[in-house]
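Chains D and Z, in that order, give the protein sequences.
Residue 757 in my numbering sits at position 708 of the first sequence, and the numbers go up by one each step.
Residue 45 in my numbering sits at position 44 of the second sequence, and the numbers go up by one each step.
Keep in mind that the hints are not guaranteed to be accurate.
[As the list claims (entries may be wrong)] Cβ-to-Cβ under 10 Å is the rule here; a few derived chain D residues that face chain Z: (1) K248; (2) L630; (3) A632; (4) L635; (5) V636; (6) V638; (7) R639; (8) E650; (9) I651; (10) P656.
Hints in this document: simulated from the structure, not taken from any laboratory.
All residues carry an ideal CB built from backbone N, CA and C; glycine is no exception.
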Amino acid sequence: MQRWPVLLFLAWVCFLFFAGIGLFMSGFLLTRIELASSSSCSDPLVPPPWERQSLPPGSCWAPQRFSKAVLVIIDALRFEFARFNPAKASPLPYENKLSFLHHLATSQPRHARLYRFRADPPTATMQRIKGLTTGHPPSLPTSIDVGSNFATYAIQEDNLLAQLVQNGRRVVFMGDDTWEGLFPKKFFRSYFFPSFNVKDLHTVDDGILQHLYPTVDSGEWDVLIAHFLGVDHCGHKHGPDHPEMAKKLTQMNEMLRSLVDHLGNDTLLLVAGDHGMTETGDHGGDSEKEVNAALFVYSKTPLFGTGPPEEPEAVPQVNLVPTVALLLGVPIPYSNIGEVMAELFSGDGDAVSAALQQLSVYHINAKQVDRFLHSYSLVAQDLPAEQLQRLQELFSGAVEEHTQLLAQVQGAALVPPELESRLGSLISRFQQYLREARAVCTQSWARFHPLRMVGGCILIAASCLLCYMASELATASDSFYRSCLLYPLLWGLLVAGLLGLAHVFTQEGLDLLLVSSWAAAASQLGFFWHWWGQHPKRAPLVMLLVGKLHWDGRLTVPEGPKQQLLGFSSYRREIWYLLCLVAMLLVCVRLSGFFHQCREEIPQCRPSLFLSPLASLRNARAKNLFYLLCVALLAGLVYAVRSWLRHYGNLNSSDPLVLFVRWGFPLVVLCIACYWAVASSADDSLGKLQELVQVAVVAFPWAVYGLASMGLLLLLCNPMTVFAKDTRESAGSIVTPYLGVPSSEVDFLHVIPQIYKRMQESQKSRLERGSCKATVAAYGLGSVYSAALIIALTLLGFLLMLLHSERLSLAFLLLFLEAFVLLHIHTRARGLAGDAEPFSVPWYAVISWLLAASQFFYSTGHQPIFPAIHWNAAFVGFHLDHSTNLLPAVLVGANTFASHILFAVGCPLLLLWPFVCEMPSSQKRKPKKEPREELQEVEEHMMEMRLRESPEKFSTALLQLGLKYLFVLGTQLLACVCAAMILRRHLMVWKVFAPKFLFESLGFVVSSICLLLGISLVMRVDCAVSTWFSHLQLR
Amino acid sequence: MKEAEIRRLFAANLLCFFSVILTAVLPGFVWDTFTVLGTHLTWLCICSVCVSTLNIILHVVLKPNLTPKRSSFAHKISRFLKCCIYFFMSCILFHAIIVLYGAPLIESVTETFLFAVLLSTFTTLQCLCILGPNVQAWIRVFSKNGATSIWESSLRITTMCSILGAWFGAFPIPLDWDRPWQVWPISCSLGATFGYMAGLIIAPLWIHWNRKQLTYKSR
């Protein structure tokens, strides 16, 4: 049997998929590393001492200009909504509605100004809130940002709100409840309203209006944030060009009018849209209408030195963060890359003092950005080095000139006209630095790379096609491996080598991902090229696909029964048996629905009761009942596995592995039961035993880990569960069909005559030594492969059950039951269809196996969203904290992809099971454990030994099975990838499609690795069987 | 002979087809509040009753199964009773299957059961009419190449179409479109009905096109 080529081929195909996933991911996910540092008042980048002394109390870094601020966020306030054009005769429903802003801007030009507020894509509310508070362009919404806490959406890095709270400001919030998740427990007071239902235009707005004026009047706040959602929801429901929008905007106008009446002189009012909307009222992408929001600034004291420009200025959204921070006298958040809006700092004085003021804020801002870039480049390499170098030069030049200039100003060495021009040029140098820094960062963080996404998609699709074709073509011949594996691999290596050489010559930065995807593409091309060259006459690709369609058509028609072969009565019995199995499958599927977790998008959904740990159960009786049920189920599982093994005679030998199955399995169950008991007991009831419990909670899981890994090691060392009785010396020609360990009276009745017979024979053989007819009876050889797999699966199942909450063991039992039923259905259906090709697993079996895997992903209480991950799994067997991130990641990953792991490892069973269940065709009544007779020409090689008979076919079958599995998995993945790519502008992309894609691709990686492990386990067993046979022959 | 048979089949199927349409339209003239979506359960009842009566009448008139061996009155009665029991059992079975496929177990039992009755009308009742209460014959007809007359081929096609239609009808239920027809079991029963109607039209056409290949063995 060729083992290595098969594994190599599968590993190569996996690599192709991984390269595709990696390439797509690098184009799709906007990765940026979050820095944990945060700014503080005492940071050394504050202005020089002589300026610091002049800081009024309550100010950090720069003098505080306003003691209070109101930030009104009107969701999806497009610039056109806020603009007022009196000349327009017949305005559209969304035009000329915010007349009050226009009134303020024209009547008090030094107090108010309207800006274009440029949002960075993705223009979804959560990302915009992050941008508006942290001061950098978008990152992934959830928690994929490296280094953040996975459990919540909460913003971990330094942000404006954290700075405000840290410096003792009272922040009051009202409106969109997205903020609650982002800033838990940051608000002095808060009024959250549900934001999810986009059809509901009024709940949030009316709720805010109810609280807004009383709160403002009460004065118990320093910063007030009101986030209105009506306009956005109206856009989603009706679109902007609708009378409802006019009503909504008019309502906003009235709200602003009365709000301004309530404000004091020391208050800054900011009205901002977080993003715009398209003509259909949607947002999320980067089209002009989506990114073009409005910002309106107003205060009752003069803000601006000059009147407004003709055309409103465009301000990037991140600029709001440093501006507000410095205006309110708090430090700028650490990771901000925005630029201050300097005209707000000009104050009342003359041009020179205004310029000096602006210069000082620019200086602070530039220092902060430089500090951020420096610490960022220390942890991440994604900013290009030469650009950073250039920025560094710009910065140091500007700072140097700044110190010189300040010294000259101190010494009064400069006269106003020259001073003004030098100040102007210095300001523009700072501006240039800040803008370039932002451009560099945005460029490397904020873009989808469509080329990479398409490339990744194509790679994955081509890999799927390759899988399909290879599974059709696969033969065990050397020429197949040469043309379909060796040459493509060489091609890939060649391209990788060339790229490496190019790297050596050009000294360009080498992107490992790009190199590997080029190599993957090249090796794929190699495969197709050789395939084409090998089969020039064969109908090309199109025909293959047509063949597939044809095959699909065949699937829907029930397979023709082999009536002539089986006879009608047995045929009917088979049909009924099959129907019962299908009914059982349906029952399993239906029952597994009880374990589902909920998504937040479905408000009426209630999560399954079984998901919560037993410890949270109040009712002691129910708790005990459930506990007993779970333990009984575990014991039942062990009993079932053991009786299966006994039935096939795999429990007879005295190998360490068999001993482990006999004694270790119950021990594992005992440990798990103890752990559950300890973990679910009420904390206070135990009193003095508290410390003991603390130890036990850690010790029992470790015992299970240890036992399970011991079992797996034993399995790897000696996977043979065969009991061989060498009768070549002693026994005669008759081999009694011994039924294993006697379990019933009938067996006992059967055994005693056998013993007698045996004794008789040994007497006889002693008498007639010399003419001995040697036989070896091997018990359990017919199911040696599947026995090893089943032992491995059971051990894995124990581990995974330990990681889940107690009552999910029910779901796991269902999982095993359903897998068992599926295997039986597959076997029966095959028996009905007639054994056309016993060595190839039909597609429907692979597809149903994979569908069951995805079904049980959901039925073990998971959902492809981040809040649904079971974080508790990281602390099974660990007390409080982990020193590294690797171990909890492994534990949580194993918990999340439990069903993927089990089904992928168990995949070879699809091939083995029909052989295991095979009945001897001649005699139905014969015991299943057919003793294998060695050194004798007996035509009945039973069960899995058929596989050994034709090792070529066996290895091909394994390869085909693996390829089919990967093909179906890859098709699922491809669908997710395509959805994520096509819908990357969708409103819900970061809530639905991106997490789904991530879970799917991670699941693919886990599944494919586990598939390789499962197949290599089968091969390991095959090795062991070979050595066993050679030993036997030598003896 | 064959052409005439196909024409008869086509006529019968057309009658069924229009009867289904009429059940959706006619009651509207009698009751003002009647709509297929609004008073769905009423429509389900009416449709089931109409289709089953029409089928029984057609069966009596056309007599597609030509082998009335023993026609004693008692035999007929027992046959009829057996048919009723089979029909009722198939309703229960369909109900169970629908629940296994994910219908709510405790809530909206009436809806689920009426849907099961509709499905039985479209599938089991036809079988009972054409094949009689004879499970062996059913298995024969639904296995490959088992049909022995155009009536049986037609039966096979309509049954499969209705069940497939019901299955496809479940697809839009989880979508968030908030349409009135996404409520259980409207989309499924509509899917089954459309599938049945499609099957009624497809069956004679398919038989007509494949009449050369279709060589029915006599029993």
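**OP:** Please flag the earlier hints that this structure goes against, numbers listed from lowest up.
**Re:** Violated: hints 2, 10.
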